[in-house]
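*Asks:* Spelled out from the first residue to the last, the chains are:
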Amino acid sequence: DAKTTQPPSMDCAEGRAANLPCNHSTISGNEYVYWYRQIHSQGPQYIIHGLKNNETNEMASLIITEDRKSSTLILPHATLRDTAVYYCIVRVGGVYSGGGADGLTFGKGTHLIIQP
Amino acid sequence: KAGVTQTPRYLIKTRGQQVTLSCSPISGHRSVSWYQQTPGQGLQFLFEYFSETQRNKGNFPGRFSGRQFSNSRSEMNVSTLELGDSALYLCASSLDGGTTDTQYFGPGTRLTVL
Chain G
1 DAKTTQPPSM
11 DCAEGRAANL
21 PCNHSTISGN
31 EYVYWYRQIH
41 SQGPQYIIHG
51 LKNNETNEMA
61 SLIITEDRKS
71 STLILPHATL
81 RDTAVYYCIV
91 RVGGVYSGGG
101 ADGLTFGKGT
111 HLIIQP
Chain A
1 KAGVTQTPRY
11 LIKTRGQQVT
21 LSCSPISGHR
31 SVSWYQQTPG
41 QGLQFLFEYF
51 SETQRNKGNF
61 PGRFSGRQFS
71 NSRSEMNVST
81 LELGDSALYL
91 CASSLDGGTT
101 DTQYFGPGTR
111 LTVL
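Order-wise, the sequence lines are chains G and A. Just so we're aligned, residue 1 is where the first sequence starts under this note's numbering, counting upward by one. Just so we're aligned, residue 1 is where the second sequence starts under this note's numbering, counting upward by one.
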């Protein structure tokens, strides 16, 4: 799976949009971009994923650049409960054969701190 | 629908002992993966089970093992515990473990080895 680069930490004011960047310049055509977050000492929580089109769900929006080398996760109205470590993961998609999917490869992520 | 559950939530053991952790996946999910999280190494993949078979394994010693039952529940076992095994152990389930299949994580079991 392709390697990702994220800033180690970011601050955002409560009520504002939080924009978390992720660089994945070596991404391949069949690799998806996934975002998870982990609130302190809890299990990671799935947020959103996409291949090439922008995606939106009730939690966030995912904007993927046209060349797919970077993406941005947007939390539209950040609250204090959004303070967490956010992980951007790139993973091969499609049907796999044989021995099962590799585990998700988590980097160090971005520690997002929402300021009151 | 209930989420992934893990028991126990906290565990304290001493070096040399063994430990068994349990994971119940989301109803209908047949793939269960295990991860170890430590401050130094971050989140690392241990292994994945599907239909009672281990399909994939991360880079961990043989002291780490697991199994899956016919109802998709899974257990992982660590034998001859070492201090470095102190970690948060996370279980994740997905429908069939495909690479575009979303994994949903449980709350984890915090293991402390003294």
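Simulated from the structure, these hints should not be mistaken for lab results. The C-beta atom is built at its ideal place from N, Cα and C for all residues, glycine as well. A couple of the hints might just be wrong.
[Said to hold, decoys possible] Distance condition first, Cα-Cα at most 30 angstroms in a straight line; then the derived DSSO-like pairs of lysine-lysine:
| id | chain 1 | residue 1 | chain 2 | residue 2 |
| --- | --- | --- | --- | --- |
| 1 | A | LYS13 | G | LYS3 |
| 2 | G | LYS52 | A | LYS13 |
| 3 | A | LYS13 | G | LYS108 |
| 4 | G | LYS52 | G | LYS108 |
| 5 | G | LYS108 | G | LYS3 |
| 6 | G | LYS3 | G | LYS52 |
| 7 | G | LYS69 | G | LYS108 |
[Stated by the list, open to error] Partial list, derived from the structure: chain G residues whose beta carbon lies under 7 angstroms from chain A:
| id | residue |
| --- | --- |
| 8 | CYS12 |
| 9 | ALA17 |
| 10 | GLN42 |
| 11 | GLY50 |
| 12 | GLY103 |
[To be verified] Okay, the calculated beta carbon distance ranges per label pair:
| id | chain 1 | residue 1 | chain 2 | residue 2 | range |
| --- | --- | --- | --- | --- | --- |
| 13 | A | ILE12 | G | ARG16 | 27 to 33 angstroms |
| 14 | G | ASN19 | A | ARG110 | 29 to 35 angstroms |
| 15 | A | ARG73 | G | PRO8 | 21 to 27 angstroms |
| 16 | G | MET59 | A | THR53 | 19 to 25 angstroms |
*Asks:* State for each hint whether it applies.
*Replies:* Going through the hints against the structure:
As the CA atoms of A/LYS13 and G/LYS3 are separated by approximately 36 angstroms, the hinted pair breaks the 30 angstroms bound. Distance restraint check for G/LYS52 and A/LYS13: the Cα-Cα separation of roughly 47 angstroms exceeds the 30 angstroms cut-off, and the hinted pair is therefore not satisfied. Note on A/LYS13 and G/LYS108: the hinted pairing holds, with a Cα-Cα distance of about 28 angstroms set against a maximum of 30 angstroms. Distance hint between G/LYS52 and G/LYS108 is fulfilled; the C-alpha atoms sit about 24 angstroms from each other, no more than 30 angstroms.
For the given pair, G/LYS108 sits about 11 angstroms from G/LYS3 by alpha-carbon distance, which is consistent with the 30 angstroms threshold. Between the alpha carbons of G/LYS3 and G/LYS52 the distance comes to roughly 17 angstroms, so the proposed pair stays at or under 30 angstroms and holds. With a C-alpha separation of about 19 angstroms, the suggested pair G/LYS69 and G/LYS108 falls inside the 30 angstroms cut-off, and the hint holds. Given hint, G/CYS12 at the interface with chain A, is violated; its Cβ is 23 angstroms from that chain's nearest Cβ, farther than 7 angstroms.
Against a cut-off of 7 angstroms between C-beta atoms, the interface hint on G/ALA17 is violated, since the closest Cβ of chain A lies about 24 angstroms away. With 7 angstroms as the threshold, the beta carbon of G/GLN42 comes within range of chain A, its nearest partner Cβ sitting at about 6 angstroms, so the hint holds. Interface hint at G/GLY50: violated, since its Cβ lies 11 angstroms from the closest Cβ of chain A, which is beyond the 7 angstroms cut-off. Here the hint on G/GLY103 is kept, as its CB sits about 2 angstroms from the closest CB of chain A, short of 7 angstroms.
One distance hint, 27 to 33 angstroms for the beta-carbon pair A/ILE12 and G/ARG16, is violated here, with the actual separation near 42 angstroms. The given range of 29 to 35 angstroms is respected by G/ASN19 and A/ARG110, whose C-beta atoms sit roughly 33 angstroms from each other. In this structure the hint that A/ARG73 and G/PRO8 lie 21 to 27 angstroms apart at CB is violated, the actual value being about 37 angstroms. Checked against the given bound of 19 to 25 angstroms, the beta carbons of G/MET59 and A/THR53, roughly 33 angstroms apart, lie outside it.
Checked against the numbered hints above, the structure violates hints 1, 2, 8, 9, 11, 13, 15, 16; every other hint is satisfied.
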